[in-house]
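Colleague: Quick note, the sequences are listed as chains S and B, same order. Add 21 to the 1-based position in the first sequence for the numbering used here, that's all there is to it. Add 21 to the 1-based position in the second sequence for the numbering used here, that's all there is to it.
Since the hints were derived computationally from the structure, they do not count as laboratory data. Mixed in with the good hints, there may be bad ones.
Unchecked claim - To give an idea of the chain S side of the interface with chain B (calculated C-beta under 10 Å), a few residues:
(1) GLY33
(2) PRO105
(3) ASP107
(4) LYS109
(5) ILE110
(6) ASN137
(7) PRO139
(8) MET142
(9) PRO143
(10) LEU195
(11) ALA255
(12) TYR263
As the list claims (entries may be wrong) - Quick list of the computed label-pair ranges, beta carbon to beta carbon:
(13) LEU266/S <-> PRO92/B: 28 to 36 Å
(14) GLU58/B <-> GLU94/S: 53 to 61 Å
(15) GLN239/B <-> PRO92/S: 44 to 52 Å
(16) GLU193/B <-> ILE91/S: 29 to 37 Å
(17) GLU46/S <-> LYS63/B: 50 to 58 Å
(18) ARG229/S <-> GLN40/B: 52 to 60 Å
The structure displayed is predicted, hence computed values, not measured ones. In this text, a Cβ means the ideal position worked out from N, Cα and C, and glycines have one as well.
Number of protein chains: 2
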Amino acid sequence: MKRIMLTVAYDGTNYHGWQIQKNGETIEGILNRCLSELLQEKIEVIGASRTDSGVHALGNVAVFDTDRRIPAEKFPYALNARLPEDVKIQDAREVAPDFHPRHCESRKTYEYRIYNAPFPMPVKRLYSYFSYTPYNIEAMREAAAYFVGIHDFKSFCSADTQVESTVRQVDEVLVEKQEDEIVIRVTGRGFLYNMVRIMVGTLMEVGRGHRLPEEIPQILEAKERKAAGPTAPACGLTLIKYEFL
Amino acid sequence: MKRIMLTVAYDGTNYHGWQIQKNGETIEGILNRCLSELLQEKIEVIGASRTDSGVHALGNVAVFDTDRRIPAEKFPYALNARLPEDVKIQDAREVAPDFHPRHCESRKTYEYRIYNAPFPMPVKRLYSYFSYTPYNIEAMREAAAYFVGIHDFKSFCSADTQVESTVRQVDEVLVEKQEDEIVIRVTGRGFLYNMVRIMVGTLMEVGRGHRLPEEIPQILEAKERKAAGPTAPACGLTLIKYEFL
């Protein structure tokens, strides 16, 4: 028996998120099916990050166990031949049999893109959220700086989630203008449900002048979902990097 | 009667190219339909560049005539409300009644993207051609330089096309590495059918070491399609800019 770790990239547009469910195709579901067919045994992957419906990934992580003797490095080729165009394995390696991607120290980087121009641009529509309003990037940067550090992010977590602790560590929040796009890049050690999208929704309100950067500490302090801004739409969000520390 | 010029952006993935045809949706077809519905008169646009099936555009150009008194600058809003997500108007302005986008001096810029990594990346698949082979960028640049100037591009034109002259002026060919992508940007005064894709297909052969940069002048000299490399796939190509001189 060995444990294999896969790095999985996907375009989330046509999926109901990572986590398997009864109705609708999911990334976890398609991986289980392709792996089970390939290995002729029942495989159930353990995912690192259960991304929402419509969210993309350049490198999410999943592990599974197998008795088969296929070398780890063969899996990207064998699986990619079975997977659809919008889900592709980027890497596969053997890991310790007790390695669990959600129970170990890790750092994730998410990128949120806002296509900020007078009219929507078709080739950007799947990976950037379109908004024609002007944004004050400098104010967004000031606001973003307040997120860095160890804070209780309860205000930035979907109200219906139950977790033991809502304290999380954010390492970096960058706000950058790249031609017609505003790119918000968030690196942290684990995130609450919808946390990045609520942070981005709140930063967008700051960018539009509806809130001041100095309000972020008060929003954190409030520890209730309604203190923060709206949840930014899924399509602009991509999980770009996963590091195990 | 006034003539309106539209700047049209589209994701070509789901279209049978620009030019109207009996079977399959085209950009010209959808523009004619939306404009005719909007203006309640039969509209037939004249396109500047009849892009192939699967090719994208950030700014192709179309003109049409109307008797209606709608100000030009209202057209992007009115049309975008009717157009699907993968076709969007970026600009509209009134032009001289005899302005014809194919019978005037213009400069077009095309961009071809090659996603060059070991495995395909889902979020790149619609706008970049995937290739895992290593490419020699320096050799591609050397080869590209031979295209610049006024040449007979007969070898770089689909064999079944009939045009008066196959002489064209290419102003610039840039080959650039952008992270995992190779970007080839071609600017010129008009192009033959499939010319950019055949130029790119030939540059890719140079990049893989199957041809030398010094062979480009001989290929131009040969004046026959089979002397050049293959036609690169459509999905990697985007018409990024149209300038009227």
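Colleague: Next, verify each hint and record whether it holds.
Modeller: Right, here's what the structure says about each hint:
1. The interface hint given for GLY33/S is met, as the beta carbon of that residue sits about 9 Å from the closest beta carbon of chain B, less than 10 Å.
2. The beta carbon of PRO105/S comes within 9 Å of a beta carbon in chain B, closer than 10 Å, and the hint placing it at the interface holds.
3. A least Cβ separation of about 5 Å between ASP107/S and chain B falls short of the 10 Å threshold, and the interface hint therefore holds.
4. Interface hint status for LYS109/S: upheld, as the beta-carbon distance to the closest one in chain B is roughly 5 Å, under 10 Å.
5. Checking ILE110/S against chain B: minimum C-beta separation of about 7 Å stays under 10 Å; hint holds.
6. Restraint check, ASN137/S versus chain B: the minimum CB separation of about 14 Å is more than 10 Å; hint violated.
7. Because the smallest distance between the Cβ of PRO139/S and any Cβ of chain B comes to about 8 Å, under 10 Å, the interface hint for this residue holds.
8. With a cut of 10 Å, the hint placing MET142/S at the interface with chain B holds, because the nearest CB-to-CB distance is about 6 Å.
9. Among the interface hints, the one on PRO143/S holds; its C-beta lies about 4 Å from the nearest C-beta in chain B, closer than the 10 Å criterion.
10. Annotation: interface hint on LEU195/S violated; nearest CB of chain B at approximately 17 Å, more than 10 Å.
11. For ALA255/S, the interface hint is violated, since its Cβ never comes within 10 Å of a Cβ in chain B; the closest pair sits about 14 Å apart.
12. Proximity of TYR263/S to chain B is violated relative to the hint, the smallest CB-CB distance being about 15 Å (cut-off 10 Å).
13. Separated by about 59 Å at the C-beta atoms, LEU266/S and PRO92/B break the suggested range of 28 to 36 Å.
14. Checked against the given bound of 53 to 61 Å, the beta carbons of GLU58/B and GLU94/S, roughly 55 Å apart, stay inside it.
15. The hint said 44 to 52 Å for the Cβ distance between GLN239/B and PRO92/S, and at roughly 46 Å that hint holds.
16. A hinted range of 29 to 37 Å for the beta carbons of GLU193/B and ILE91/S is inconsistent with their spacing of about 48 Å.
17. A C-beta distance of roughly 43 Å is found between GLU46/S and LYS63/B, which places it outside the suggested range of 50 to 58 Å.
18. For the pair ARG229/S and GLN40/B, the beta carbons lie near 42 Å from each other, so the given range of 52 to 60 Å is not met.
Checked against the numbered hints given earlier, the structure breaks hints 6, 10, 11, 12, 13, 16, 17 and 18 and satisfies all the rest.
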